[in-house]
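Q: One letter stands for each residue in the lines below.
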Amino acid sequence: MCLDDQILNTYLDNELTEPWKSQVEEHLSYCPSCRARYQNLLQLSDTIKSSELTEEEIRPHQDRVLSMIEKNYLSKGKSKKSFFKRTFKVSGPQLMGVAAAFVVVFVGSWAVFGNSGSSDGQIILPDVNTTIDLNNITQTRSSDNATTSKSLENYSLDEILKNLDARGYDVDIRLKSIQPLSLDKMSSEVKVIATVSDKGITITSDGLARNADGTIVATGVLVDDKNEVVASDGTVLFTAEETQVVE
Amino acid sequence: MEIRSGDELAFRQVYNEVFPVVMKVAYHVTYNQDVAEDICQDAFIRFYDKDMSFPSMDDAKFWLIRVVKNLAINHVKRKVRESASLEKVMRGPQVNPFKDGASELILKESTAAVRKAVSELPEIYKTVIVLREYAGLNYKEIAGVLKISESNVKVRVHRARKELEAMLNREEVNVP
Ligand SMILES: [Zn+2]
Chain A
-16 MCLDDQILNT YLDNELTEPW KSQVEEHLSY CPSCRARYQN LLQLSDTIKS
34 SELTEEEIRP HQDRVLSMIE KNYLSKGKSK KSFFKRTFKV SGPQLMGVAA
84 AFVVVFVGSW AVFGNSGSSD GQIILPDVNT TIDLNNITQT RSSDNATTSK
134 SLENYSLDEI LKNLDARGYD VDIRLKSIQP LSLDKMSSEV KVIATVSDKG
184 ITITSDGLAR NADGTIVATG VLVDDKNEVV ASDGTVLFTA EETQVVE
Chain B
774 MEIRSGDELA FRQVYNEVFP VVMKVAYHVT YNQDVAEDIC QDAFIRFYDK
824 DMSFPSMDDA KFWLIRVVKN LAINHVKRKV RESASLEKVM RGPQVNPFKD
874 GASELILKES TAAVRKAVSE LPEIYKTVIV LREYAGLNYK EIAGVLKISE
924 SNVKVRVHRA RKELEAMLNR EEVNVP
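If you're matching them up, the sequences are chains A and B in order. Okay, so the first sequence: first residue is -16 according to my numbering, each after it adds one. Okay, so the second sequence: first residue is 774 according to my numbering, each after it adds one.
Hints are computed from structural coordinates only; laboratory data are not their basis. Predicted, not measured: the structure shown is a model, and the values here were computed from it. The reader is advised that the hints may include incorrect statements.
Derived DSS-like pairs (lysine-lysine); straight-line CA-CA distance at most 25 Å [said to hold, decoys possible]: (1) B:K823 with B:K920; (2) B:K850 with B:K935; (3) B:K823 with A:K32; (4) B:K889 with A:K4; (5) A:K54 with B:K823; (6) B:K889 with B:K852; (7) A:K209 with A:K182; (8) A:K32 with B:K920; (9) A:K209 with A:K174; (10) B:K920 with B:K850; (11) B:K913 with B:K935; (12) B:K889 with B:K935; (13) B:K889 with B:K850; (14) B:K823 with A:K4; (15) A:K32 with A:K4; (16) B:K935 with A:K32; (17) B:K920 with B:K935; (18) A:K32 with B:K913.
Isolated chain B, as found in the complex (with noise of 0.2 Å):
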């Protein structure tokens, strides 16, 4: 079934679909709500747009998918680089997003600690566990969206558990 994204009924058909993956990449890449559906609003604008042409539903979540996660990634290193910067005047104590339960839903400490770590990934790891654990891609699909080969896929969500698995029970040790 071709996909023409700039067709109202095909647009509508894509974005019932697929927000809900888009907005899971977005949201664990970056883990700011706000900014995750900001990001989700830039590519499904782009996508009705540029009136493309798709072969299936699949390759047409495959580009939104390559298309979030470029721009979440992006907002991810500005913010380093911004408060990188700022925190050579600041030296405060940095507010934990995933304990703050004023804003969100008062989450749970395990949910609150895995999304912490996760956060905490470097990015080549992170986007592949997003890529696997959240937008349930398998290893060739994840190869197609981020244009690595199926075996460095498979290396880096082995390491990326692994960091994970560290982290996780570093927290654990730390909890009184």
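So here's chain A without its partners, still in its complex pose (with noise of 0.2 Å):
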């Protein structure tokens, strides 16, 4: 009996189990008429194979998805900065005249922050001064699995907004200004190392500067070795001539 097209289509496809396949092996060995039309078979897979796309026409799609992809979605190397650095380099001069600063977006119920955390769904994010541990700080998402938690430090903050924006949220970053500490809670370790008489600031070893009432006018601010009072950026803030270093 001879082999049929099903068959023998398993059989090119490499499908066909024992002890089939030694059977139509040796039916084809001596069949000119199967053997003839196994070949039509294999020529017609091979001539649909032909037409495949080829590697000249796939390579400038896989380029262009994947730098879109790149750009949209995976960082960038070393180059990326994430959203707490840059808050920390914006911190110095555009702080001035506030007593301390966080930067906070609100949006809907997308972050939380820690578990126990605020429900009213604030992203607060810390100043350079404030302590607190990034892995407090996590991505929640209600509808997908709380599987995929993801610390918003892997974020930049582009990458947060579009985000936030792409799943129709109301985004509004504010910077929220606190309250300064009152000279006294101080604690006793913090010495005051320069004055800037002129103005009144006094810059002290928790690297606060303050104006004679007490406010916070910058943070992070250190008094370098010529004297000169540096915010966090690396911005003079004032010079040698301004500072008298207390020793």
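Since each chain comes alone in its own frame, lean on the hints to assemble the complex.
A: Right under this line is the structure:
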């Protein structure tokens, strides 16, 4: 009995198991008409395969999609600045005049702060002088299973905003100032290290610069070896001529 | 080797290895390179975003193939519905995208003929033949992706080839 196309197709796809495979091979070895039909089917399969999208046709699409995903989804290697580092960067001069500041992103239910967190859905992004454990800040999505939880640190501000925007949340970013600590609550270890007497400003060893009335005008400042008062981003706030260092 | 789809390094590895095959699947179902690109992009973004865990590279590949196949089929169905309602209005001759060398590479006559024939296959035959001939999956893998039995795959591969043979023979007769 001769072989039908179904069996020949299964055989040419290498999907025929023993003992049928050996039986087919044996039949093909002595039956010219089945052999001819098998050659036809093999050629048909090759013809179909020969029309496949080529490497050259695929390459530009592969490159284009990757660069789009890299730009919008993947981190950009070492040059990527996390949101926290950016906050750190702008905290010096821009915070002059406020006591201390948090950048607060107001969102819907997208994010909570820690597990017990504020249910009003604020993400509080700490300023440089706060000691919030970054691991406490997690992204939770109520729509996905809670298995996918990433530290916010992994995202840039742009990504966070884009993501929130894409999900239809109202996003509002504000600088939130808080009241200065009164001087009598200051720890006794904190010492005055320099003054800018013309402006009535005092620099203390905890890196704060205060007005005469105790209002913090800058955080993360230090006095360098040239007696200049420098902000956390390297900006010179007061020159050596204005500064009197307290030994 | 476990693969975490939201991990950048793992993502890049899967992307390099799997993009060509999913692009082929998307293209040979839709026969439109721009649409196929969009579909692949969509699938890889879902893949990355969902941050799933796969036991192996093959499992990640099959997940992507299944998503791309579904998106491509959806596109074709939508396209058919649209052109059906459009045709009532237009009734003009349809441009044959397989012989249009303006935007794509100038194709060999046989390549154009085969692509056209595959595009005209009924969906159930088209998907199995695309997964077999262009994605290089075996019957068991095709059965897994399509969630049908292996014997069903075997029958469909055979029928798909039979249809294609008939279409291509007709094509040859018509060529002067
Ligand atoms: Zn025979």
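Q: Next, verify each hint and record whether it holds.
A: Do the hints match the structure? See the list:
no. : hint               : verdict
1   : B:K823 with B:K920 : holds, 22 Å
2   : B:K850 with B:K935 : holds, 23 Å
3   : B:K823 with A:K32  : violated, 33 Å
4   : B:K889 with A:K4   : violated, 34 Å
5   : A:K54 with B:K823  : holds, 18 Å
6   : B:K889 with B:K852 : holds, 16 Å
7   : A:K209 with A:K182 : holds, 19 Å
8   : A:K32 with B:K920  : holds, 24 Å
9   : A:K209 with A:K174 : holds, 19 Å
10  : B:K920 with B:K850 : holds, 20 Å
11  : B:K913 with B:K935 : holds, 21 Å
12  : B:K889 with B:K935 : holds, 15 Å
13  : B:K889 with B:K850 : holds, 17 Å
14  : B:K823 with A:K4   : violated, 43 Å
15  : A:K32 with A:K4    : holds, 24 Å
16  : B:K935 with A:K32  : holds, 15 Å
17  : B:K920 with B:K935 : holds, 23 Å
18  : A:K32 with B:K913  : holds, 20 Å
Going through the hint list in order, the structure does not satisfy hints 3, 4, 14.
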